[in-house]
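Visitor: Read off the chains here:
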Amino acid sequence: MELRADFPLLANNPGLHYLDSAATSQKPQVVLDALRDFYETANANPHRGVYSLSVRATECYHQSRARIAEFLGVRDSDCLIFTRGTTEGLNLVAWSWGMANVEAGDEIVVTGLDHHANFVPWQVLAMRKGAKFRICELTPDGRIDLDFLSGLLNERTKVVAFNHVSNALGTINPIAEIARLVREKADAILVCDGAQSAPHFPVSFDSLGVDFYAFSGHKMLGPMGIGGLIGKREMLEEMPPYQTGGDMIEFVHDERTTWNILPLKFEAGTPNAANAVGLAAAVEYLDNIGMDRVLSHERALMSAAQKRLAAIEGLHIYGPPPSERSGVLSFTLGDVHPHDIATILDGEGVCIRAGHHCAQPLMRRLDVTATARASFYVYNDESDIDALVAGILKAREIFGYVPV
Amino acid sequence: MELRADFPLLANNPGLHYLDSAATSQKPQVVLDALRDFYETANANPHRGVYSLSVRATECYHQSRARIAEFLGVRDSDCLIFTRGTTEGLNLVAWSWGMANVEAGDEIVVTGLDHHANFVPWQVLAMRKGAKFRICELTPDGRIDLDFLSGLLNERTKVVAFNHVSNALGTINPIAEIARLVREKADAILVCDGAQSAPHFPVSFDSLGVDFYAFSGHKMLGPMGIGGLIGKREMLEEMPPYQTGGDMIEFVHDERTTWNILPLKFEAGTPNAANAVGLAAAVEYLDNIGMDRVLSHERALMSAAQKRLAAIEGLHIYGPPPSERSGVLSFTLGDVHPHDIATILDGEGVCIRAGHHCAQPLMRRLDVTATARASFYVYNDESDIDALVAGILKAREIFGYVPV
Amino acid sequence: MSPARSSAEIGALYQEMILDHYRRPRNKGTLENPDASVEIKNPLCGDEIGLQVAFDGDSVSDLKFSGRGCSISLASASMMTQLVKGKHRTEIDAIRNEFRNLMIGSNSAGENDRLGSLRALSGVARFPARVKCALLAWNALESALALK
Amino acid sequence: MSPARSSAEIGALYQEMILDHYRRPRNKGTLENPDASVEIKNPLCGDEIGLQVAFDGDSVSDLKFSGRGCSISLASASMMTQLVKGKHRTEIDAIRNEFRNLMIGSNSAGENDRLGSLRALSGVARFPARVKCALLAWNALESALALK
Ligand SMILES: Cc1ncc(COP(=O)(O)O)c(C=O)c1O
Ligand SMILES: Cc1ncc(COP(=O)(O)O)c(C=O)c1O
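Chains as they are written, first to last, in our numbering: chain A, 2 to 405; chain B, 2 to 405; chain C, 603 to 750; chain D, 603 to 750.
Hints are computed from structural coordinates only; laboratory data are not their basis.
Using N, Cα and C, we set each Cβ at its ideal position, and we do this for glycine too.
Take these hints with a grain of salt, some might be off.
Computed list of lysine-lysine pairs in DSS-like fashion (alpha-carbon distance at most 27 Å, straight line) [said to hold, decoys possible]:
#1 B:Lys308 with B:Lys395
#2 B:Lys133 with A:Lys130
#3 B:Lys395 with C:Lys734
Calculated from the model, a selection of chain A residues having no Cβ within reach of chain C, i.e. all distances over 10 Å [as the list claims (entries may be wrong)]:
#4 Met128
#5 Arg184
#6 Leu316
#7 Met364
Covered stretches of chain A (in silico footprint by chain D; criterion: 3 or more residues with CB under 8 Å from a CB of chain D, positions within the stretch not fixed) [claimed, not checked]:
#8 337–349
#9 352–358
Just need the whole structure built from these sequences, with the hints factored in.
Guide: Spelled out as structure tokens, the structure:
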């Protein structure tokens, strides 16, 4: 694939090797154009106006929802709630479903692999409700330990939260198996953090077998500040609203308020129609590539990178083998701290992430304070791997090789 | 002022008369350029990267906060929390401060003039906590009745929420007097909905005398999906976080989590840095005009429009006299329903709002189901008033004049 | 493309017949002994329609409406009451479907013979924000029939 | 303007002296009977510094540090311990301020005489994401002095 030219930031900086797409992705021209086009031809407050411009804004907003729902395999697009991103989607479920349904003595299960966004909200809910907060441990190579999970599940389990793909290690979790286990042994909701799956391979919510799925637009070529929560209709209908205010109400009486229908019930305030339009353009762009090709492209880069990095003395790669990983490569290099690696790579134009990747529970389990992480996306190619390898060798050179 | 050319949507549609800025504003070229420029030169996940691009994104985000804080007279810019908009800011206070501090038997006061966003969250909080929900009634011309307010306040009053300017009538509320009253008679937090004041006249949070102030970027020439909540430091520091996840944590232990410092404690998830940059460009644009000039420009349009509309037989204008109103003109025309007025005006290229303006409690108090509303901003001029008047006369012509 | 309406579209919307029904609504008021009584509101604009229906077997023998609203919603209610009075519920269902299709713009003009005066509302289809107004009375009628 | 660093800036950052202190830290370990003991962490990267200080009146008579972290944070800690040992707290405060100013890029080069080997860290000022690393040990020392 030769897509770099579609991405203005990359096209304008030929020496830049952006390998931090797991944090956020770059944006293709078509997305920036769609954003601008909305503001220049359709900008008005959706839902609230009788005049044509507002009707157009409303249509843009609804069509974007339908387009994104189609991309993620949601037949009933009213079940796709726009949020600011994954974090807000998960907080919405934890607060709205959790406060209404979890009680003292109930159990909430997360995993040692989860991002803070799918860990802390549940920890807080458990503390608030006096529920038990249980953490599913991992196999040594960073996979969810299914036996351990099975042992955790029981009739008091009310929530099982996990990520589809780990942002820190790239582990692709066996969602169908997890769902089967949970359905068999517990009567719990299954909450899937899809921040790292929606961007990288075909996802069809309707056949995932989970109850909720959250994702972020900015990680899948879309603008910042937009994402979504998908839920099963029967659950969304029973849940109380999350934020309240304009658009999500039906009638506001002095004493009480009735709620609008889905999806508006969960979308208080002026919707971010512009960014919904931008995200719709992003999924259109991804569909034009084909999500299967996105996956195979990343896989190819991944195994090439894995091979070359593994050959560097002192370099240790975390997580399962590349065939069970999405486009994330998490590593350490002898006693060179990941921050130093990242700084030296920056000197070579290579952008990687160093730190705990918002996964401190995982870092403890790996017994590291930080790792260096390179992550790939559609615009990356072999030259990025060359630069990554060269940069790592440079770091070794500066620090001298010291085995640990 | 001759600013229309700065706004692409308006410049490209010379026949369009946009009079719905109280719902959302149009965006100047400089804001759209700033958005695009961020994505093309600085796009990365702020806070999380060691590499230069991420550092640049972080700086853009922080500088935007500082710039917007300066615009709104907040010396301590850490006390400006970015939110999606006013609705989220008010929900944040109601949930974080409210759940921690309001108890059964306490009293929460809102006014009959409030937008649903500053009404429903408090109603919900009151129901959840068993607190009393009290509504301050209005004078016949749509102002907060200060005597009534005074009568409501007592030592059980924990929250007084009101808007700085009413979006439905344009009423500018006497914030200093309200603050004085509340401080004198109650030990309550003062929550000010600034959605309609920040865009229209100089606001200096530090001297407003309120504890919290919420605003929306999209109503002040900025992009959708960004806004802010300003709070007093001592309160923000004591409040528990709202949403939880990445960026807002300090340390995530298996059993509990500690929180980051302000403002990050209240900003869970990847920040919307692009839109913060866009909003900073918007306030820069407003400052270049000068907020005093913005105000006087709107005042001038307002009194001109008021004079011409008042001369139309059967037209009734709601709210206090223009000198005590911001750039909002709410009216009805004989027995012609506001929706019909808006549709007919649409035929003349005039965009006005018709409906309850997310203020059903106010509509009940005015004993109408809806009003027509024209609202003005920096890009409007006399020609918009001409078109508005012509459209209203057309509506009269189509419907024939029928007095009510 | 201009984001605003043409005057011609506005003219097509506000036909004489609509204004006439708005100003002189037929069957406005309340029935003495209704078999079904329904009130519904359009939350967008606060418009409300009350509908009272008397049945004779499976036919609507009489009906009246009350409420406040815009010209489109009240004219639609007024015309509806005229059209369905005396009709069998299956026929009413058919008319309602046809009218709905007209509103979402999916009929061709010739198909709407049985809509009678309701065809005057065909201009509404071009105003998505107003379609709900035109359907309000019909939604009330559907609820009333379901109550039977 | 390129969003990436130049190799020259990287060279200026990783001076020999920094790598030397990273690899062979001075005063690493724990004191037997410290007067003040502090642990602080950098939540961004999980780096942690433990610092133990013994006082003689208002002077620091001895100090040791422990912890894990990047080259910048550990070299900064190591150099700091060498520099402040035996010094009076007012002098330490002055050095700390000077070093902070160096890190935020607000001193000119000539001013930093008393920083000694710490001047090797001057390259950090150009790396805002790393300034916190360099200041970590100094923040620990400030806390320890406040405990006294
Ligand atoms: C007075 C007032 N408060 C609150 C809001 C809600 O703002 P937003 O929809 O941007 O959250 C609005 C605008 O819709 C408003 O006019
Ligand atoms: C697995 C995972 N979950 C959740 C998040 C949070 O997403 P956001 O910051 O967009 O809310 C991220 C990314 O930061 C992630 O990688």
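Visitor: Can you confirm whether the C-alpha distance between Lys395 (chain B) and Lys734 (chain C) stays at or below 27 Å?
Guide: holds, 24 Å
Visitor: Arg184 (chain A): least C-beta distance to chain C exceeds 10 Å?
Guide: holds, 36 Å
Visitor: Can you take a look at whether the region 337–349 of chain A is actually covered by chain D? Rule is 3+ residues, C-beta closer than 8 Å.
Guide: holds (count 10)
Visitor: Is the nearest CB of chain C more than 10 Å from the CB of Met364 (chain A)?
Guide: Correct as stated: the minimum Cβ-Cβ distance to chain C is 49 Å, above 10 Å.
Visitor: Hinted pair, alpha-carbon criterion (27 Å max): Lys133 (chain B), Lys130 (chain A). Please report holds or violated.
Guide: holds, 24 Å
Visitor: Are there at least three residues in the region 352–358 of chain A whose beta carbon sits under 8 Å from a beta carbon of chain D?
Guide: holds (count 4)
Visitor: Would Leu316 (chain A) pass as off the interface with chain C, using Cβ distances and a cut of 10 Å?
Guide: holds, 57 Å
Visitor: Just checking, Met128 (chain A) versus chain C, shortest CB gap more than 10 Å?
Guide: holds, 38 Å
Visitor: Can you confirm whether the C-alpha distance between Lys308 (chain B) and Lys395 (chain B) stays at or below 27 Å?
Guide: Holds: Lys308 (chain B) and Lys395 (chain B) sit about 18 Å apart, inside 27 Å.
In summary, the structure agrees with every hint in the numbered list given earlier.
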